[in-house]
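J.: Residue strings, one per chain:
Protein chains: 2
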Amino acid sequence: MAYILSVFAVRNLLVLSLALNVSLILRVLLLHDSQDGSFNGFFFAEQKEEALATKITRLSSSVSPSSSSLTMAQGDEDRVINLDHGDPTMYESYWQKKGDETTVVIPGWQFMSYFSDATRLCWFLEPEFAKQIVRLHNVVGNAVTENRHIVVGTGSTQLFQAALYALSPCAEAEPISVVSAAPYYSSYPLITDCLKSRLYKWAGDARSFRENGPYIELVTSPNNPDGFARRSVVNGSEGILIHDLAYYWPQYTPISSPANYDLMLFTVSKSTGHAGMRIGWALVKDEDVARKMTKYIEINTIGVSKDSQVRAAKILKQLREAVQQSGLFSVSDFPPQLCMFLNRVFEPQPAFAWIKCEGDIEDCESFLRGKKILTRGGKHFGVSPKYVRISMLDRDKNYETFVRRLSTIRS
Amino acid sequence: MAYILSVFAVRNLLVLSLALNVSLILRVLLLHDSQDGSFNGFFFAEQKEEALATKITRLSSSVSPSSSSLTMAQGDEDRVINLDHGDPTMYESYWQKKGDETTVVIPGWQFMSYFSDATRLCWFLEPEFAKQIVRLHNVVGNAVTENRHIVVGTGSTQLFQAALYALSPCAEAEPISVVSAAPYYSSYPLITDCLKSRLYKWAGDARSFRENGPYIELVTSPNNPDGFARRSVVNGSEGILIHDLAYYWPQYTPISSPANYDLMLFTVSKSTGHAGMRIGWALVKDEDVARKMTKYIEINTIGVSKDSQVRAAKILKQLREAVQQSGLFSVSDFPPQLCMFLNRVFEPQPAFAWIKCEGDIEDCESFLRGKKILTRGGKHFGVSPKYVRISMLDRDKNYETFVRRLSTIRS
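Going line by line, the protein sequences match chains A and B.
My numbering applies: residue 3 is where the first sequence begins, and numbers increase by one.
My numbering applies: residue 3 is where the second sequence begins, and numbers increase by one.
You may find that some hints are simply not true.
In this list, chains with the same sequence are indistinguishable; a pair is considered to hold if it fits within one copy or across any two.
Stated by the list, open to error - List time: in silico PhoX-like cross-link candidates among lysine-lysine, alpha-carbon distance up to 25 Å:
(1) Lys-388 to Lys-316
(2) Lys-381 to Lys-294
(3) Lys-294 to Lys-203
(4) Lys-374 to Lys-297
(5) Lys-358 to Lys-373
(6) Lys-297 to Lys-381
(7) Lys-373 to Lys-100
Calculated from the structure, these hints are not laboratory results.
Chain A with its partners taken away, still in its complex shape (with noise of 0.2 Å):
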């Protein structure tokens, strides 16, 4: 068993397996260590900084051969661990500490209605939803919102496909070719063409694409799994652009300068951390793909909860007072290094560590996968399955199960 050492001792996890998240945050860790207690920038900026630099310092130590004073829990060994999804769960013990501020309580007699409001673009956005997103984006300076149309989808997912349906041209005969630089969202291949649409077919790698005429490009920024800062790579004069930024958050990046794209997608599951409210929003520039976009979500399922609109209203206004209260927020002439939010220099901190097997064992998933430890290898992202993506946005104790077995995969 010699070769699992090879692979997982520290310094091939830190020199040659890692990909360059987990170094990046290491570094985070120290810089948050050698600052003056000042700190307290976008409240949960912090928190998830302290949790995924946490995490790595013990992922780096613990698996050590030389690190034994880890105790195993009875019984959890043959837990199977997933880290496959990107399960932001390690967020609820923020919102524990916010007690009753973030509760929100629903009479039965509410929302009944299809509509929100039957006089606006997207009849099924919530007013108050829309309110909050616009000043949170505002506080946050993530994201342009002046003249743009907010649609609300059920997760960014559905708004994905609403963009897609609404930028396709009806007229072709054939479908438009939508692409993306590898690795990339693993779930983009399987969402485009689940249907076997004739509208438009998923055409793989945007770096190797070179048909000629319309096609659309998705730019993750950060990406998903790798966690780079992305801009589009195909050089066509017929793209068209959607711009993921469910990572676009002072907690995983630094922010730059307002986003301000065509079309921007944005998820309350990894801003705030619910998954389970199924919400997203898109910001459209163009009126008329905004109102394509609405009727695809009308069409599909008539709408998009409202309980979970008003709660997430709730939760985003929640997050917008506290960043307000911090007093850190900062304008807006600093130089692209510095998140512009936090008013320092910092990493990107990525959701994810993007890990790359080195040695023999070309599938990196399936070794980990014998080991009961579930995470997605780099054949989802169009790159070679010697990849996984490890998820860091899991609940603590899944995250110390995963890191005391990796210490002891030795010989």
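Start from chain A and add chain B according to the hints.
T.: Chain B only, in chain A's frame:
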């Protein structure tokens, strides 16, 4: 303007123009008046029935040229009345009376995970909601739940698409035909052909469907828009059935026996009136079909709002308790004309009035739109534009304005 009178005079309304629905509801009114006060069955049905009966009484009397006692609210004459959608706001006043019993309270840290129960086939189904679905069906007796998988959806609209995805034969070169007997629910063709899928295609009226090979037939019973009880009509050997039972509740139709089909769809929108929750459920016999439906919903929206499921569970629980307290629940040996749940004979009382314009008016929807009354025309349901569907689920105030306005359409 004499022709208008010929369309809307009472005689036409009741003898020529109306489909069976309205007259049947009038019979219910008589039945209701003549009963001995002891009736307090399905409280919900009672409420609904009263409201419908009242609406129909007003409709039939007020459009008579002799009804001059109506007063028109000032400034209300020009307001557009939208009776196009079946928006169940008439149920609001019922739930208002229930007060705090159906209020739901959700702390900010709850329901953050994507998962409800990872060990379950439908991993995003909240266990409490599943429990309440089974208990309500068992009390009302409108569907068999034994040996069924429950799949929750963002309304039954999403479940319909999940069913198409699950039932379409993957290997086929040609899309499978999807049919339903006209008049059919106007959204079926739109949903089916929205993304121009290569898996399935809308093939129109089931009664004229003659192709060989596999097909999917939608059976909506009671039917939207005309309220009739239905069975499948295509006689092919390779038919796969989807039963949309949104209106198979005692407030709409007698419950003759528990529905016992392979794939049955229900929705909170029509059972409790909470359309804004976007919650529906499917009862599915085949495990593989249930699994594929779950997969579709995972790809489409990564599950279903937990906030809505939790609230729906509370509302369904309240509904069931009230039903049980009524003490009128009866067991199963009654002839089909009897509602097994209410233990008395009654005729269907649908959620929509299905009206036909006689005489020269070829496009009844356009004609009524000219009077600022929005309805949904027959062509959307696969039949002649002489028909329109009028929602009777609106708030009483809007319905009153509608009735008043009809009464003024005269020469």
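J.: For every hint, state whether the structure bears it out.
T.: Okay, the hints, checked on the actual structure:
1. For a Cα distance limit of 25 Å, the shortest separation of Lys-388 from Lys-316 qualifies neither inside one copy, at 42 Å, nor across copies, at 47 Å.
2. Taking CA atoms no more than 25 Å apart as the test, Lys-381 paired with Lys-294 passes between copies only; the shortest distance there is 22 Å, against 33 Å inside one copy.
3. Taking identical chains as interchangeable, the C-alpha atoms of Lys-294 and Lys-203 lie at most 25 Å apart whether they share a chain (19 Å) or sit on different chains (21 Å).
4. Only between protomers do Lys-374 and Lys-297 lie at most 25 Å apart by alpha-carbon distance; the minimum there is 23 Å, versus 43 Å within a single protomer.
5. With identical chains, the CA atoms of Lys-358 and Lys-373 are at most 25 Å apart within one copy only, with a shortest distance of 17 Å there and 68 Å across copies.
6. Proximity of Lys-297 and Lys-381 under a CA criterion of 25 Å is satisfied inter-copy only: 20 Å between copies versus 34 Å inside one chain copy.
7. Taking identical chains as interchangeable, the C-alpha atoms of Lys-373 and Lys-100 are never at most 25 Å apart, the minima being 37 Å within one chain and 53 Å between chains.
Going through the hint list in order, the structure does not satisfy hints 1 and 7.
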